[in-house]
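**Q** Taken in sequence, the protein lines are chains A and B.
So that you can map any letter, position 363 of the first sequence is 367 in this note's numbering, and since no number is skipped, the others follow by simple counting.
So that you can map any letter, position 205 of the second sequence is 207 in this note's numbering, and since no number is skipped, the others follow by simple counting.
In short, the hints are calculated from the structure, not lab data.
In this text, all values refer to a predicted model and were calculated from it rather than measured experimentally.
Please note that the accuracy of each hint is not assured.
Using 35 Å as the maximum straight-line C-alpha spacing, the simulated DSBU-like pairs for lysine-lysine come out as follows [what the hints assert, rightly or not]:
#  : chain 1 : residue 1 : chain 2 : residue 2
1  : B       : Lys8      : B       : Lys256
2  : B       : Lys163    : B       : Lys260
3  : B       : Lys200    : B       : Lys247
4  : B       : Lys262    : B       : Lys294
5  : B       : Lys97     : A       : Lys206
6  : A       : Lys206    : B       : Lys96
7  : B       : Lys96     : A       : Lys190
8  : B       : Lys260    : B       : Lys230
9  : B       : Lys8      : A       : Lys206
10 : B       : Lys92     : A       : Lys206
11 : B       : Lys167    : B       : Lys260
12 : B       : Lys200    : A       : Lys206
13 : B       : Lys260    : B       : Lys247
14 : B       : Lys247    : B       : Lys96
15 : B       : Lys293    : B       : Lys227
16 : B       : Lys97     : B       : Lys294
17 : B       : Lys198    : B       : Lys277
18 : B       : Lys259    : B       : Lys167
19 : B       : Lys230    : B       : Lys8
20 : A       : Lys206    : B       : Lys198
21 : A       : Lys8      : A       : Lys319
22 : B       : Lys167    : B       : Lys97
23 : B       : Lys293    : B       : Lys259
24 : A       : Lys328    : A       : Lys226
25 : B       : Lys247    : B       : Lys167
26 : B       : Lys92     : A       : Lys190
27 : B       : Lys97     : A       : Lys190
Chain by chain, the residues:
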Amino acid sequence: MSEKLIDSGNNAAAMAVQLAAAEVIAAYPITPQTPLTEKLSELIAAGEMDAEYVAVESEHSALGVCIGAASAGVRAFTATSSNGLLYMSEQLHWAAGARLPMVMCVVNRGIGAPWSVWNDHQDAMSQRDAGWIQLFAKDHQEIVDITLKAFRLAELVHIPVMVNYDGYYLSHTYMPFELPDAAVVKEFLPAYEYAHALDPQKPESLNTVTLPDSRNDINGVKQPGYMDIRHNLHQEMRLAMDVLEEIDADYQQRFGRGGTPIIDPYCCEDADYIVVAMGTLANQFRDVVDRLRQEDGLKVGVLALQIYRPFPTAKIAEALQSAKGVMVYEKGLSYGNQGALYADLKSALYPYPARPQLHNFIVGLGGRDIRTEDLCQTLKSACLQDDLSSPEQTDTPQWIGLQL
Amino acid sequence: MNIAAKTNVLNLSEEEFVYPGNRACSGCGLSILYRIGLKALGRDCIFVVPPSCLTVMQGLYPIAASQMPILNGTFASTAAIATGVRAAMKRLGKKTQVVAWAGDGGTADIGIQALSGALERNEDIIYICYDNEAYMNTGVQRSGTTPQGSLTTTTPYSGKKEQGKNLPDIVAAHNPAYIATCSASYPLDFHDKLIKAKEISGLKYIHIQTPCPPGWGCEEQMTVKIGKAAIDCGLFDLFEIENGKKQLSEPSKKLLKKEKLDSVRHYLSMQTRFKALSEEQIVVMQERIDKKWDGYRQEFGAG
Chain A
5 MSEKLIDSGN NAAAMAVQLA AAEVIAAYPI TPQTPLTEKL SELIAAGEMD
55 AEYVAVESEH SALGVCIGAA SAGVRAFTAT SSNGLLYMSE QLHWAAGARL
105 PMVMCVVNRG IGAPWSVWND HQDAMSQRDA GWIQLFAKDH QEIVDITLKA
155 FRLAELVHIP VMVNYDGYYL SHTYMPFELP DAAVVKEFLP AYEYAHALDP
205 QKPESLNTVT LPDSRNDING VKQPGYMDIR HNLHQEMRLA MDVLEEIDAD
255 YQQRFGRGGT PIIDPYCCED ADYIVVAMGT LANQFRDVVD RLRQEDGLKV
305 GVLALQIYRP FPTAKIAEAL QSAKGVMVYE KGLSYGNQGA LYADLKSALY
355 PYPARPQLHN FIVGLGGRDI RTEDLCQTLK SACLQDDLSS PEQTDTPQWI
405 GLQL
Chain B
3 MNIAAKTNVL NLSEEEFVYP GNRACSGCGL SILYRIGLKA LGRDCIFVVP
53 PSCLTVMQGL YPIAASQMPI LNGTFASTAA IATGVRAAMK RLGKKTQVVA
103 WAGDGGTADI GIQALSGALE RNEDIIYICY DNEAYMNTGV QRSGTTPQGS
153 LTTTTPYSGK KEQGKNLPDI VAAHNPAYIA TCSASYPLDF HDKLIKAKEI
203 SGLKYIHIQT PCPPGWGCEE QMTVKIGKAA IDCGLFDLFE IENGKKQLSE
253 PSKKLLKKEK LDSVRHYLSM QTRFKALSEE QIVVMQERID KKWDGYRQEF
303 GAG
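Could you build all of it, start to finish, from the sequences and the hints given here?
**A** Laid out in structure tokens, this is it:
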């Protein structure tokens with residue numbers, strides 16, 4: 005039986021990991037992820053979850069343990085935030101290059117220095133080129149659903165998956181959500197089997213030094229060089245979007261929720277102006293959209309991006325190319341340039357003839373309050389001034405909510 | 003272990019797990035250890051290896067020099083990855099021995115945090131550190147275990163200023179189930195210590211002094227002789243620590259009976275890496291050895 009609960013985002017994630025029957029969990033506490041780690045160790049200690057919990061001495065080792073476990077054919081999970089994710093960075097690249105299916109929840113938080121324990125997306129953004137699939141949840145229900153789908157996706161495409169959700173906005177708030185039936189989850193997510201699992205009966209040397217050029221094995225069969233192996237990762241990561249859609253369709257059939265695994269549009273069908281955002285910010289914009297449509301008669305919509313890597317280029321372009329203007333609001337940036345999401349979006353739209361005017365807004369860094377009023381004002385003025393702005397003006401990110 | 007049960011060249015297993023023609027340098031101490039060590043460990047093992055000479059020795063994709071399952075991992079996380087493999091074996095209900103095999107850099111320096119964590123958790127793995135006393139795979143740079151006065155490419159002209167880290171002591175402070183020191187010059191002693199380690203649960207740490215002809219500056223046929231000289235002069239000691247109790251192994255234990263040990267000068271003169279040592283440094287080194295052995299004689303008597 006599925007179960008309706010009111011609980012925190014971190015506990016929702018922990019219960020999803022429990023349902024997914026992860027067998028090796030290694031994590032290092034970091035705010036705001038800590039309660040997720042605590043919940044998992046509590047479930048295991050209480051005998052409610054059958055798994056090995058390894059209390060490691062660092063995030064680098066947390067992912068190291070997952071790399072070892074996944075290489076040996078066992079389902080592994082970890083979670084972190086902020087500097088913890090950055091400390092793992094080398095291991096992220098390693099897990100992706102080794103094509104290890106595993107899932108990690110990243111409870112998004114700003115990066116030091118200076119220290120901030122509050123939310124933004126710079127941690128996830130900084131790891132966008134590591135070769136992980138990056139999914140973003142907007143609410144507690146999505147944390148549960150995306151985490152379950154993430155395990156299946158990782159295991160089908162052999163690429164690790166990062167499930168992102170906003171620190172405090174989701175991790176520490178309580179919301180109602182439905183926890184799927186365990187027996188049906190078991191059918192949805194069959195036991196993990198890894199063809200190249202470490203096994204003395206069938207010895208293989210994994211992640212060996214690989215030369216620039218392809219090379220014959222002892223049977224005279226040509227094997228890939230480093231570049232070919234990396235090309236495979238890229239190609240299969242692009243294909244992962246189709247796989248995610250298939251998984252989502254299956255999930256929807258079994259659990260009744262789904263349909264928007266890649267992009268989640270709200271009031272976009274007739275919209276002249278479309279906001280693009282990730283995570284809770286996209287949900288906050290639904291109120292903004294309602295208000296501007298009602299009070300100002302502006303045809304606005306918001307498109308939530310549910311997957312950031314691989315970047316859904318075609319879907320984004322299709323959804324946005326007929327809009328007059330696109331406003332990208334994001335909680336991170338590539339310092340010295342622009343918002344990373346904005347730059348990606350711009351490049352996705354470039355090949356299309358009907359390119360909307362683009363605007364970039366930076367909000368909520370290090371937990372700076374994102375006032376709905378500010379979102380309304382900036383969106384409204386961007387809509388109204390759209391035709392008057394020079395390309396250089398609109399291409400320069402505007403920081404919202406600066407106090408000094 | 004009684005003397006009669008000890009492995010010798012007559013009863014050593016003839017089964018080979020390492021293919022000939024691998025990428026080790028000629029005279030490599032590690033290749034002696036790897037060949038003999040694998041005989042002791044047997045087939046039911048999984049290896050975790052960080053960047054090191056062993057990574058290269060085990061072959062470049064898609065060719066492997068050994069018949070074992072090997073997981074190559076990042077430099078700093080050998081003990082953590084081994085922990086993960088061990089946890090997976092537990093889940094799968096397998097007794098398969100997980101063996102982490104790293105160099106001194108991967109153990110004493112960049113890998114020490116993960117090792118300390120695994121020691122504290124008392125993970126059921128064998129951790130082997132082959133200590134060739136510098137970063138040999140990258141071309142002889144100083145490491146934490148490089149001895150004082152030794153010339154390396156990052157301590158040129160006058161040699162390393164600081165004393166080397168004592169890894170077995172650092173490990174011993176974690177009080178693991180089993181610690182042993184070994185030498186590439188006594189591979190059968192290593193063999194038998196591995197056999198023993200396999201039967202012990204918890205973390206087993208084995209530290210091996212591993213002469214390296216290109217790094218130490220000696221002829222390649224001198225590997226075994228130099229390793230023996232290090233032990234005969236009392237500089238490097240073979241011992242085991244079980245349940246906190248230290249015992250010298252035979253090649254070192256027999257020195258307790260000697261009135262006077264060989265001078266360290268002989269050992270130092272066999273290698274060009276020590277040619278920058280001053281007379282004062284050699285005298286200090288000899289004094290340290292003498293003091294250590296005075297302590298051993300008090301602790302262990304005449305053996």
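**Q** Hint by hint, say whether it matches the structure.
**A** Hints versus structure:
Proximity of Lys8 of chain B to Lys256 of chain B is assessed by CA-CA distance (about 16 Å); at most 35 Å being required, the pair is judged to hold. With a C-alpha separation of about 32 Å, the suggested pairing of Lys163 of chain B with Lys260 of chain B holds against the 35 Å cut-off. Between Lys200 of chain B and Lys247 of chain B the alpha-carbon distance is near 19 Å, which keeps this suggested pair within the 35 Å criterion. Among the hinted pairs, Lys262 of chain B with Lys294 of chain B is consistent with the structure: their alpha-carbon atoms are about 13 Å apart, no more than 35 Å.
Taken as a hint, the Lys97 of chain B and Lys206 of chain A pair is honoured in the structure, with Cα atoms around 16 Å apart against an allowance of 35 Å. Pair hint Lys206 of chain A plus Lys96 of chain B holds up; C-alpha atoms about 15 Å apart against a cutoff of 35 Å. Only pairs whose Cα atoms come within 35 Å are accepted, and Lys96 of chain B paired with Lys190 of chain A is accepted, the gap being roughly 24 Å. Annotation: proposed proximity of Lys260 of chain B to Lys230 of chain B holds, straight-line Cα distance about 16 Å (limit 35 Å).
Restraint check for Lys8 of chain B and Lys206 of chain A: the C-alpha separation of about 31 Å stays at or below 35 Å, so the hint holds. Between Lys92 of chain B and Lys206 of chain A, the direct Cα distance comes to roughly 19 Å. Compliance with the 35 Å bound is thereby established for this hinted pair. Of the pairs offered as hints, the one joining Lys167 of chain B and Lys260 of chain B holds, with about 28 Å between alpha carbons and a cut-off of 35 Å not exceeded. Taking the CA atoms of Lys200 of chain B and Lys206 of chain A, the gap is near 21 Å; set against the 35 Å cutoff, the hint holds.
In summary, the hint linking Lys260 of chain B to Lys247 of chain B is supported, as the alpha carbons are separated by about 23 Å, within the 35 Å threshold. The straight-line distance between the Cα atoms of Lys247 of chain B and Lys96 of chain B is roughly 31 Å, inside the 35 Å bound, and the hint therefore holds. The suggested pairing of Lys293 of chain B with Lys227 of chain B holds, with an alpha-carbon distance near 24 Å, which does not exceed 35 Å. The hinted pair formed by Lys97 of chain B and Lys294 of chain B fails the criterion: a straight-line CA distance of about 40 Å is larger than 35 Å.
Of the supplied pair hints, the one linking Lys198 of chain B and Lys277 of chain B is violated, its CA atoms being roughly 39 Å apart against a limit of 35 Å. At most 35 Å may separate the alpha-carbon atoms for a hinted pair to count; Lys259 of chain B and Lys167 of chain B meet this at roughly 28 Å. A threshold of 35 Å between alpha carbons decides the hint, and for Lys230 of chain B with Lys8 of chain B the separation of about 19 Å falls inside it, so the pair holds. Under the criterion of a C-alpha separation no larger than 35 Å, the hint pairing Lys206 of chain A with Lys198 of chain B is consistent with the structure, at around 26 Å.
Simply put, Lys8 of chain A and Lys319 of chain A have alpha-carbon atoms about 33 Å apart, close enough for the 35 Å limit, and the pair holds. Using a Cα cut-off of 35 Å, the hinted pair Lys167 of chain B and Lys97 of chain B holds, with the two alpha carbons roughly 34 Å apart. A hinted pair counts as satisfied when its Cα atoms are at most 35 Å apart, and Lys293 of chain B with Lys259 of chain B qualifies at roughly 16 Å. About 51 Å separates the Cα atoms of Lys328 of chain A and Lys226 of chain A, which puts this hinted pair outside 35 Å; it is violated.
As the CA atoms of Lys247 of chain B and Lys167 of chain B are separated by approximately 21 Å, the hinted pair is consistent with the 35 Å bound. The straight-line distance between the Cα atoms of Lys92 of chain B and Lys190 of chain A is roughly 22 Å, inside the 35 Å bound, and the hint therefore holds. The suggested pairing of Lys97 of chain B with Lys190 of chain A holds, with an alpha-carbon distance near 28 Å, which does not exceed 35 Å.
Comparing the model with each earlier hint shows violations of hints 16, 17 and 24; every other hint is respected.
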